[in-house]
Amino acid sequence: MAQLTLHPDEIKIVSKRFGQGATDINRYLELDGYKAAQKALAMSSDEIINEVKASNLRGRGGAGFPTGMKWSFVPKESAKPKYILVNGDESEPGTCKDRPILEQDPHAVIEGVIIAGLAVGAKQGFIYIRGEYRYLVDIMRKALDQAYAKGFLGKNIFGSGKQFDCYWHTGAGAYEVGEESALMESLEGKRGIPRIRPPFPAVVGLWGGPTVINNVETIASVPHIILMGGQKFADYGPPKNGGTRLFALSGHINKPGVYELPLGYPLKKMIYDVGGGIPNGRKLKAVVPGGSSTFILTAEEAEQMNMDFDSFAKRGEFLGSGGVVLLDDTTCMVKFALRIMKFYQHESCGWCIPCREGTDWLKKTLTRFHNGGGLRKDIDNIKYLAQNMLGRTFCPLGDAAAIPTMSIVDKWRSEFEAHLEGRPCPFDPAAKITELPVVGAH
Amino acid sequence: MAEVKNVTITVDGKQVTAPAGTLLIEACKAVGIEVPSFCYYPGLALQAACRMCLVRIEKMPKLQTACTVPITDGMVVATDTDEVRQARKSMIELLLGNHPLDCPVCDAGGECELQDMTFKYGAAESRYMEGKLHKEEQQWSPVVFFDRPRCILCYRCVRVCGEGMDVSALGVQLRGSSSVIAPNEGDHLNCEECGMCIDICPVGALTSGAYRYKTRPWEMKHVGTICTHCGDGCKTTLGVRRSDTGMDIVRGDNRDKSGINGDFLCIKGRYAFDFFDHPDRLRQPLIRKEGRLTPTTWEEAIEHVGKRLREVRDSKGGQAIGVIGSNRATNEENYLLQKFARTVLGTNNIDHQRTTDFAGFVRAIAGKENITAAMREVASAPAILLIGNDPTERHPLLAWNIRNNVRLNRAKLYVVNSQSIKLRRQAARFVQVPAGSESKFISFLNGDDASAGSLTSAGASNDALKQLRDELKAQKDLVIIFGSEVQGADISALVKFGSGLGAKFICLGDYANSRGAADMGLYPDLLPGYIALNSSQNFAEEWGQLPSAKGLGLAEMKQAIKERRLGALIVVGPDAPDDLGLELLEASDTFIVTLELFQEQTANGTYASPQRNWASVVLPAASAYEKAGTFTNTCGDLQLLKKAGDITGIKSDFEIIVRIAERMGADVHKLVPFGQGVHADMGQTRGAQSGEADRHSVWLAANGLEPRLSPFDPMAILDEIQRLVPGYDLSRLNLLAGNDQHMHAAEHSNAGAGSGLVQISPAQDSLFTSGTLGRYSKVLNDVIESHSLANKEVMAD
Amino acid sequence: MSPVRGDTDQMPPISEKLDKFFDEKMKQYPTKRGFLVPMLLYSQDEVGYITDEVIAHLAKKTELTELEVRNVISYYSMLHTKPVGKYHVQVCTNISCMLRGGEEILEHCKQKLGIGNKQTTPDGVFSLEEVECIGGCSWAPAAQVNYDFHENLTNEKIDKVLEQYRGKT
Ligand SMILES: Cc1cc2nc3c(=O)[nH]c(=O)nc-3n(C[C@H](O)[C@H](O)[C@H](O)COP(=O)(O)O)c2cc1C
Ligand code: SF4
Ligand code: FES
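Chains as they are written, first to last, in the working numbering: chain G, 1 to 442; chain Z, 1001 to 1797; chain C, 2001 to 2169.
Treat the hints with care, since some could be wrong.
As the list claims (entries may be wrong) - Here chain C is said to cover these stretches of chain G; the calculated rule only asks that three of the stretch's residues, wherever they fall, bring their Cβ under 8 angstroms from a Cβ of chain C:
#1 15-23
#2 162-175
#3 254-263
#4 266-279
#5 372-383
The set of hints was computed from the structure by calculation and includes no laboratory data.
The beta carbon of each residue, even a glycine, is placed where N, CA and C say it ideally should be.
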């Protein structure tokens, strides 16, 4: 990974130890490591949960669910073991912000797992890291070994008499496995097919036991919250959107990179100031605010947005996963829609009809469209397909595929029209028509 | 169990009350509101995959799947709004996008849920222009074919195979739009070949090797009858067409699910009807002339048989004639056969192959009310003890019921067996005992701790045995099922143990009507209903003089044949034991009549059967699918056998017996109560002064039954059975409606009947064999061959 | 009913060390199959791809049928049941990479290696695959060769990377 970019507006909390050798436990300890876990050991489980509630920490995986509330759903008494499961499957296109945490500060994740375990009364945690991130698996294995060697994990953690075990796990290539219930299936050694909910994982999760599932960044924020106090963390962000988060800027931007900025940070500033603006003097056309599953913004919309959950929720949209992708005015939105759909088609688990068939037909239709074979009725048909997926699929992957597609058709309809009737892609000077419309194939 | 309270919801403005926790889709069904579904299947795991059942529930942000939402009080549901209809329509459009639409040549055409839904919810507009995915059809086993593009991925097959059958031969592979159902051996199946996957497939993706491309569903007549194979009594619906030879059975399935077997059928019930038109099927009577079996006419054959039997009876007496009845003949035929033996031939020399000790069972339970369990109870009993047998192989429906009872109702299963049978996987406790020590185990149950010594092994510790006994003793409503390993006094001991707990029993016998054969008195010492010969008043009053001496049993008949003491022998049914030793008799002068389904034809046009080249006359008989009547399954459940059709040249055992009796000069009216009651004959015509009423017609009138007009109508004999056999008090309405009714002949017999030790010879059939019938089933032979081939390949690996 | 596959006397298809490692990890899960997905991936790393023998071995270890193991394998895009090159070049063309030339990098690799997507060079050294987002978005365009990340790629840079690997053979 490239160097760790810095900008004066950054507030380094989760990224505090980046670049400081904190993968080694001794260095981590020097940097206030494992203090939060020890503090938490002296707290009651309700106290921990209340601290996290006070922090207004919301899930960094994408959905933004209040973490303290999620933890409080775990039943106090349970016949089956409870589990903490860290979601390090990071596969949402445009998103690469868990990677630096796992790379630079693995102990923060382990410490967060211990604290979450103390909060909900779990004795075991699993850290699931996507298969492609093998080097991070290796880093995590070493970190876990060190934590065991120091007695921070195991039968008697920090000499408290309490037991807590934490294990690593790895995937083998599947975006859908990032969805929390599919994640559990995968961890149980199965195909990554989501589960029917309710019951929610907090009540019936891994092997039937109550399970807290949190994103890597969410979990890594927890030790800081315990140390600094929930209120302080909350104060970094606007109301109900506590703290900072890692934003990964990518695409057509001068200074791509991962920046820790407070929630509510203006997107315009993020692009033009933090990110250094659009390269080659081009104009901004569109922004993917938080990974490919979010509604895509026009440049004008983007300049109005603040980067917190509720600003987006107000519009019925989503802040997403922190992956901010910038598109300049040379970008063909039809091609962009196609590339996104190709991804969802490839990653659909195939369980339910609307997602399995919908992504497949959308990919086929968009491919033909981009290759010059588009018909006018296809434009509505693309939207119709996406609309029929939205809210009707088994898990949110179907929504994730429908959302960007619908917003592209709605906002850049003219670009679809520009491709019609055998015209080559207007954004690609070398474009050739490879597919002419065939009428009445069915 | 805690009482489940009822809740009330509103669906499309209608109030529905159902127990809390009922799935919304089921609650809707209860008030006649159909919510469409592909993936939902009652009794199988919920999937929420097809999204056809989306409905609008007030206060919920999105449409919800009715197949997964349990109802809660006050829920307000809309199933028929524009939004919901649009959602359904779009699902169908998406499915049809890649569907080949080869309906005109698809086996499922006309019986396809996708077709029906398209018709109902409409998806006429095609929105796609790309080509459809094409994949060649694959053959996975002799009976299972897979056509991938037709598959809509409802996962029903995968679940029924895994959850229902505990076979798990099907899986889902790849993902996304490439997802595909896959068989366990890469390109083929290694499984129990039950065909449940085909039956449950809502479209034509899984098709039957036996049926595919043969006909269209609407060209068949569908006859719901009872399977002729094992003793469980599954209903199988035969699809029948007319053909040159009378009829053609093209398929078997359980399409109306109304039978005792619900969703289930095994390979035999589904496919092994195909013996019916085997090339060796005999279609005309044969008479041995100059040592050779030669085709003849029915007239000549019956005349000949009648004459010869009369000669033997008149010269040597009835005791010189033996009769062997059949485990696959109907109740009516077996009843008639023993009546014929006793009243026309004048002999008690009648028996059948005893595959289990029903007589011993009767001795043990006679007089005890409510002590036998019906097949349906096995699906709901809270606890089951299974001693001996391997139901997976020999009683597939019983195994299905046990498995699914454990899975769906958490029933406790206890298995005691000398082999590690497959049902151990469902067992709460499995104890493996040495072969032949079932008797010791029963003593142990009754408190004889000393017998534990010979039972213990690695698979059964002393503690395990004791725990098992303790748990059993704590069970209420236990059903105890035992195989032919338990006989005679052991059955009594087991009943002693179980009846103390209020348990019910099932005694497992092989073949479709072995229980019926026993109930109908195919015994040398027992009349129908296990009535002892010396308390035969009821029968004697109607039939006249009956031979009083105990007749010869099967083994004794064999001996008598060897010693040339038997002048004639009648053998009914294809499954008369091959080991009668009758081949010795080829040169003897014993006159042997067999009622057979098959006879190999040799090159020179004569007939021979390697196993049974001993008959003097062979009469071509109908199989169970070519006649009507009733069967009683191994539990004692009576069901109606419906005739699928006629095969030219073949007669039922029933008709053959009546004709022989008639040729022997018997009064057919006395043998078969037909024609009685036609003139409202209430006793008057035979003289009021004698006071002798026609009991049968009085009974018919009292029971609201029609008089029978034909001597070949088995219902006439059923009337008599119902009237004379204790415990056969059935409802005709139920019978004709196709329902099963539990009979109680065993409990109602007069105790002490039947003598002690007899030879029990179980059929030893497996899932893929079925006595003689199995040998003539192409499907079964193909499956056996393909499985042995697959095994050989594995060994060579 | 079902024949027992796999000769029990045969050498396991994976090293003893790996097998021991699996045994240890499996203890951390309440069910035998818990560690299945990592076991498949690690076995593939050692053997090159997931062979029938590996499937039989892991099926036995996890007390699953081979069918169940295959169901799992076929779900995950990193698992292969056919050999791939010694160096598996995975070029991301997802949005962030596409916007910064990921497709051109893929095209360049095709030319350079003389193979298409999901193909292997005749000498078995390289195979090429167009992959979905690998988490290199802010350092796009990105690619992985086996598990190593290579980022901020240009045609020249990928040439050097490929050369390096070729040098290792
Ligand atoms: C298709 C799909 C993919 C997802 N992928 C990820 C992922 O890679 N990482 C992640 O943390 N959350 C992912 N999520 C969100 C998780 O389901 C879940 O909400 C999250 O892990 C909860 O953690 P949080 O509350 O800390 O965000 C995904 C969700 C969906 C629907
Ligand atoms: S034939 Fe029966 S046992 Fe075999 S796969 Fe199909 S459903 Fe399962
Ligand atoms: S029946 Fe509910 S989703 Fe299929």
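Note to self: Are any of the numbered hints broken by this structure? If so, which, sorted upward?
What the structure shows: When the structure is compared with the hints, numbers 1, 4 and 5 turn out to be violated.
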